[in-house]
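Student: This is what each chain is made of:
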Amino acid sequence: MNYRRTKAMARKEFLHIIRDPRSLIMALAVPMMMLLLFSYALSLDVDRIPTIVYDQDASPQSRELTARFAGSPYFEIISYAHSYAEVEKAIDRGDCIVAVVFPPDFAHHLRASKPTSVQILLDGSDSNTGSIALSYAESVTNGYSMEILHRTPPVDARIRVWYNTDLKSHNFIIPGLVAVILMIIASLLTSLTIAREWENGTMEQLLSTPLRPVEIVVGKLAAFFLLGTADSIIAIVSAVYVFDVPLRGNVLFLAITTGVFLVGVLTWGLFISSISGTQLMAYQIGLMTSFLPGFLLSGFIYAIDNMPVPIQVVTHIVPARYFITILRAIFLKGVGPEIVWQELLFLVIYAIAVAAVATKKLKKKVA
Amino acid sequence: MITVNNLVKTFGDFYAVDHVSFDVKKGEIFGFLGPNGAGKSTTIRILCGLMDPTSGSATVNGLEVGRQSEEIKKFIGYMSQKFSLYDDLKVEENIDFFSGIYGVPKDKREERKDYVLKMAGIVEKRGEKTAMLAGGWKQRLALGCAILHQPPILFLDEPTSGVDPIARRSFWDLIYELSDAGSTIMVSTHYMEEAEYCHRLALMYRGKLVALGSPKELKDAMNVKSMEEVFIQKIEEEEALLK
Amino acid sequence: MWERIRVIITKEFRQTLREPRMRMMVIMPPLFQLLIFGFAVNLDVENSKIAWMDMDRTPESRELRDKFDASIYFQITSEPRSEEEVRSLLDHGEVVGVVRVLPGFARDLKRGKQTAVQVLVDGTNSNNASIVTGYASRIISSVGVPAGMVAPVEARSRVWFNPELKSRYYFIPGVLMNIIALITLMLTAMAVVREKEIGTMEQLLVTPIRPVELILGKTLPFVLIGLFDVFLATGVALLVFHVPFRGSIVTLVAASIVFLMTTLGAGLFISTISRTQQQALMSSFFFFMPTFMLSGFSFPIRNMPVAVQYLTLLNPQRHFIEILRGIFLKGEGFYVLWPQTLALFVIGVLVLGGSTLRFHRTIE
Numbered sequence: 000m001n002y003r004r005t006k007a008m009a010r011k012e013f014l015h016i017i018r019d020p021r022s023l024i025m026a027l028a029v030p031m032m033m034l035l036l037f038s039y040a041l042s043l044d045v046d047r048i049p050t051i052v053y054d055q056d057a058s059p060q061s062r063e064l065t066a067r068f069a070g071s072p073y074f075e076i077i078s079y080a081h082s083y084a085e086v087e088k089a090i091d092r093g094d095c096i097v098a099v100v101f102p103p104d105f106a107h108h109l110r111a112s113k114p115t116s117v118q119i120l121l122d123g124s125d126s127n128t129g130s131i132a133l134s135y136a137e138s139v140t141n142g143y144s145m146e147i148l149h150r151t152p153p154v155d156a157r158i159r160v161w162y163n164t165d166l167k168s169h170n171f172i173i174p175g176l177v178a179v180i181l182m183i184i185a186s187l188l189t190s191l192t193i194a195r196e197w198e199n200g201t202m203e204q205l206l207s208t209p210l211r212p213v214e215i216v217v218g219k220l221a222a223f224f225l226l227g228t229a230d231s232i233i234a235i236v237s238a239v240y241v242f243d244v245p246l247r248g249n250v251l252f253l254a255i256t257t258g259v260f261l262v263g264v265l266t267w268g269l270f271i272s273s274i275s276g277t278q279l280m281a282y283q284i285g286l287m288t289s290f291l292p293g294f295l296l297s298g299f300i301y302a303i304d305n306m307p308v309p310i311q312v313v314t315h316i317v318p319a320r321y322f323i324t325i326l327r328a329i330f331l332k333g334v335g336p337e338i339v340w341q342e343l344l345f346l347v348i349y350a351i352a353v354a355a356v357a358t359k360k361l362k363k364k365v366a
Numbered sequence: 000m001i002t003v004n005n006l007v008k009t010f011g012d013f014y015a016v017d018h019v020s021f022d023v024k025k026g027e028i029f030g031f032l033g034p035n036g037a038g039k040s041t042t043i044r045i046l047c048g049l050m051d052p053t054s055g056s057a058t059v060n061g062l063e064v065g066r067q068s069e070e071i072k073k074f075i076g077y078m079s080q081k082f083s084l085y086d087d088l089k090v091e092e093n094i095d096f097f098s099g100i101y102g103v104p105k106d107k108r109e110e111r112k113d114y115v116l117k118m119a120g121i122v123e124k125r126g127e128k129t130a131m132l133a134g135g136w137k138q139r140l141a142l143g144c145a146i147l148h149q150p151p152i153l154f155l156d157e158p159t160s161g162v163d164p165i166a167r168r169s170f171w172d173l174i175y176e177l178s179d180a181g182s183t184i185m186v187s188t189h190y191m192e193e194a195e196y197c198h199r200l201a202l203m204y205r206g207k208l209v210a211l212g213s214p215k216e217l218k219d220a221m222n223v224k225s226m227e228e229v230f231i232q233k234i235e236e237e238e239a240l241l242k
Numbered sequence: 000m001w002e003r004i005r006v007i008i009t010k011e012f013r014q015t016l017r018e019p020r021m022r023m024m025v026i027m028p029p030l031f032q033l034l035i036f037g038f039a040v041n042l043d044v045e046n047s048k049i050a051w052m053d054m055d056r057t058p059e060s061r062e063l064r065d066k067f068d069a070s071i072y073f074q075i076t077s078e079p080r081s082e083e084e085v086r087s088l089l090d091h092g093e094v095v096g097v098v099r100v101l102p103g104f105a106r107d108l109k110r111g112k113q114t115a116v117q118v119l120v121d122g123t124n125s126n127n128a129s130i131v132t133g134y135a136s137r138i139i140s141s142v143g144v145p146a147g148m149v150a151p152v153e154a155r156s157r158v159w160f161n162p163e164l165k166s167r168y169y170f171i172p173g174v175l176m177n178i179i180a181l182i183t184l185m186l187t188a189m190a191v192v193r194e195k196e197i198g199t200m201e202q203l204l205v206t207p208i209r210p211v212e213l214i215l216g217k218t219l220p221f222v223l224i225g226l227f228d229v230f231l232a233t234g235v236a237l238l239v240f241h242v243p244f245r246g247s248i249v250t251l252v253a254a255s256i257v258f259l260m261t262t263l264g265a266g267l268f269i270s271t272i273s274r275t276q277q278q279a280l281m282s283s284f285f286f287f288m289p290t291f292m293l294s295g296f297s298f299p300i301r302n303m304p305v306a307v308q309y310l311t312l313l314n315p316q317r318h319f320i321e322i323l324r325g326i327f328l329k330g331e332g333f334y335v336l337w338p339q340t341l342a343l344f345v346i347g348v349l350v351l352g353g354s355t356l357r358f359h360r361t362i363e
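Respectively, the protein sequence lines represent chains A, B and C.
In terms of numbering that gives the first Met the number 0, the first sequence is numbered consecutively and its last residue is 366.
In terms of numbering that gives the first Met the number 0, the second sequence is numbered consecutively and its last residue is 242.
In terms of numbering that gives the first Met the number 0, the third sequence is numbered consecutively and its last residue is 363.
Honestly, the hints are just simulated from the structure, not real lab data.
It cannot be assumed that every hint is accurate.
[Unchecked claim] The calculated lysine-lysine pairs, modelled on DSSO-like cross-linking and capped at a C-alpha distance of 27 Å, are:
#1 C:Lys10 x B:Lys81
#2 C:Lys10 x B:Lys128
#3 B:Lys81 x A:Lys6
#4 A:Lys362 x B:Lys81
#5 A:Lys6 x B:Lys105
#6 A:Lys364 x B:Lys233
#7 A:Lys363 x B:Lys215
#8 B:Lys128 x B:Lys117
#9 A:Lys6 x B:Lys128
#10 A:Lys363 x A:Lys6
#11 A:Lys364 x A:Lys6
#12 A:Lys360 x B:Lys81
#13 B:Lys207 x B:Lys81
#14 C:Lys112 x A:Lys113
#15 B:Lys215 x B:Lys233
#16 C:Lys195 x A:Lys113
#17 A:Lys364 x B:Lys81
#18 C:Lys109 x A:Lys113
#19 B:Lys218 x B:Lys233
#20 B:Lys89 x B:Lys124
#21 B:Lys89 x A:Lys6
#22 C:Lys66 x C:Lys109
#23 B:Lys89 x B:Lys128
#24 B:Lys112 x A:Lys6
#25 C:Lys10 x C:Lys195
Looking at chain A on its own, in the form it has when it is part of the complex:
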């Protein structure tokens, strides 16, 4: 591998990046955009679920139970219905997710020591919120039930949350977001570059020169690595200083793992670019193999343990999965290589393997 030729290649790539200010700005703005979105707008937290109460009994007991619901952080009673039709309409229109309906003989039964029930109607279309809502609705009801039975407070569940004591989904999401951001940049930018040279005819020109495939790959990689590093720094610095995500682990280790991950995903993009005939195709394949898996199969939001087993197997080849584990460990748990060395090893192997394949597969002939 000739240093001078590679340097010339890297320099050219760098110039290309700078000369397209629109793409450059977008590439640098993506981290901020994603961070803002996920920090302020996007949240899976379930609380203050809109609830409607239809109390056909209006007794001290029904009001007591209603008060339990009102007092729970998970429910927010938005109105009191006066008819079943009102309840149905509210759910249909999506005004509320949960409806609590008391039968007219609620207190009567309780006073007679006979079992009674409360109807919980749930809009199940949002299953995530629905499951949690259901759980808590049953909890609240159970708790009330127990009190009646024993007239003593029930068994208390003392919850202690580790690593993320406020259960801020922030802290959960943002370290993962760094990984997703880098995957996006990789799939967007690098996936186009080689395909573009083929489409424009400049690749043919390059192949007629002493330039070797490995020099093309390394040259392009170098330039995009710079861009990727800029993005990583933006993402990490914002995470820590703007969004207050704790960084309890070692910064140097963070830098090293980020670098290794970057090399892997960027080279993958280059590989895709070299096997796709057109930019459009390269872009689509890039989205399907970098972005989508990075977003869905890496454990970023959707826990891997909850996926069907065959899919879990597939996640083993998604580099973002390992990177996210490492990031969460460094940011939130404050641990280092002693815990996550296996993940790091995978990333290293991945980077080397993909680089080798990309270089080998780069077509050296026009036909």
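Use these hints to put chains B and C onto chain A, whose structure you have.
Tutor: The following block gives chains B and C in isolation, referenced to the frame of chain A:
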């Protein structure tokens, strides 16, 4: 300098290059003439190492095409049909890039850059974006980028297509300059009048070499006054043979 | 005029569908996305791994353990004996939570004194953590009911639209929309920019063709491709994932067409501001990401800051998702969904109209 021996290139059943043989002497301007699709570009690309031949052999500067293609690339300059320059780079930056790729020695870089800029007549345009150049200037810049490393052999694939006649003439002046300085140049074109500019020519039609010789030789042999007539007659002969 | 439009449409179709690779692209990405989303994405929390630390070792504590064991939400995968082990399990992410029964649990229970059970939860995945805490609370709160007795108050739940609370049914309408939006957006943007890049655009503009005809010719094929993808995706949703389809196909098609107006308009707009394919693709992505994230496909709109919620009213994807969920899960028709459809139509007209005007101007 260049020898081609029974070269064949097929794409499926189609013979793009059909048993072509010729050679090019040092310092010659060798023209490759023929209509579109005759096999000119394909032959040139094989010689440059951009394609592998299906069968047959060739040597460039004594090195074997195919086995030693990587070595060959150090001694050649290639200008593709699309004058592939990077539009978003400045003129200077394109030159710097190819300089680096061709390994022009450090102490010679500035000198060669100035030479190319002057030769192409774009000295004042050195800081401009390549996209801004008119067709004729781009063509000259592309040629310039191909000779930065002073290669003994140049392959020019339809370098004058889409360029106005005056620019074409002055481009050929450039080619003559380079030839006088000792370069061997292989040019392909479909403009018949450019055939007159070459020392020797090969006429290609449907992948086959149908005539080989200097313009004068060819015209005398067929007793005609212009290359165009040579060409038309040769094609008619070929068509007759096919039937 | 129609003749010219027809000619352009034919050319677009030929260009788009000629290459087998392009044909693949109209089918593969949608299928791929549907399959991944459908199978992989599962917010349903079941079989969460927990560790059990019983420091009481009484029949009562074992009974509690049995309840956790029997629950589909948990599986007890380890029984640590020390703080060290607990720490290690959580650090390595081997369990999501540790339930610790303290000594004296049974004694306090029998005496009627309030007692507690400790639950240590790994908060790194806060969503999971909430769910796990919820389920744990529920189980723990049921302690104390002697076997055979009926609780005084029972919560009888009825879940509408998605009785098994399958997250799939929630996502897939959103994914459908995502697929269609992305493909039509990108293809439209690229179709125009590619001509600009190659230079054939100039060629076209020299002909008698009028800008409107060019636009119609370029966008109509993608309406058809978009609809094809809608059918493909719906088919997979129904046959592979068994997502219920309780509404009418006519409503689906009509709503899809209105939605496509918005994506095609956006694609057209992007093509007018991009010089190269790279710019078109980057811009498409930059436009698509936030609108997709803020569409309510997974992150409820209700959770967003109020200002943002209002903003999403401008997002066609939000409305289309509501429509899709309404059609698939709730069996609703335009009688209920007219506000969203109207919103889509208005946005569509504005975007398409604006882009057309811009297109006109960039040509002159």
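Student: Against each hint, give a clear statement of whether it holds in the structure.
Tutor: Now for the hints, and whether the structure bears them out:
no. : hint                : in the structure
1   : C:Lys10 x B:Lys81   : holds (25 Å)
2   : C:Lys10 x B:Lys128  : violated (34 Å)
3   : B:Lys81 x A:Lys6    : holds (25 Å)
4   : A:Lys362 x B:Lys81  : holds (20 Å)
5   : A:Lys6 x B:Lys105   : holds (14 Å)
6   : A:Lys364 x B:Lys233 : violated (33 Å)
7   : A:Lys363 x B:Lys215 : violated (40 Å)
8   : B:Lys128 x B:Lys117 : holds (17 Å)
9   : A:Lys6 x B:Lys128   : holds (21 Å)
10  : A:Lys363 x A:Lys6   : holds (20 Å)
11  : A:Lys364 x A:Lys6   : holds (23 Å)
12  : A:Lys360 x B:Lys81  : holds (25 Å)
13  : B:Lys207 x B:Lys81  : holds (24 Å)
14  : C:Lys112 x A:Lys113 : holds (26 Å)
15  : B:Lys215 x B:Lys233 : holds (15 Å)
16  : C:Lys195 x A:Lys113 : violated (79 Å)
17  : A:Lys364 x B:Lys81  : holds (17 Å)
18  : C:Lys109 x A:Lys113 : holds (24 Å)
19  : B:Lys218 x B:Lys233 : holds (11 Å)
20  : B:Lys89 x B:Lys124  : holds (9 Å)
21  : B:Lys89 x A:Lys6    : holds (18 Å)
22  : C:Lys66 x C:Lys109  : holds (19 Å)
23  : B:Lys89 x B:Lys128  : holds (4 Å)
24  : B:Lys112 x A:Lys6   : holds (18 Å)
25  : C:Lys10 x C:Lys195  : holds (16 Å)
Taken one by one, the earlier hints fail for this structure at numbers 2, 6, 7, 16, listed in ascending order.
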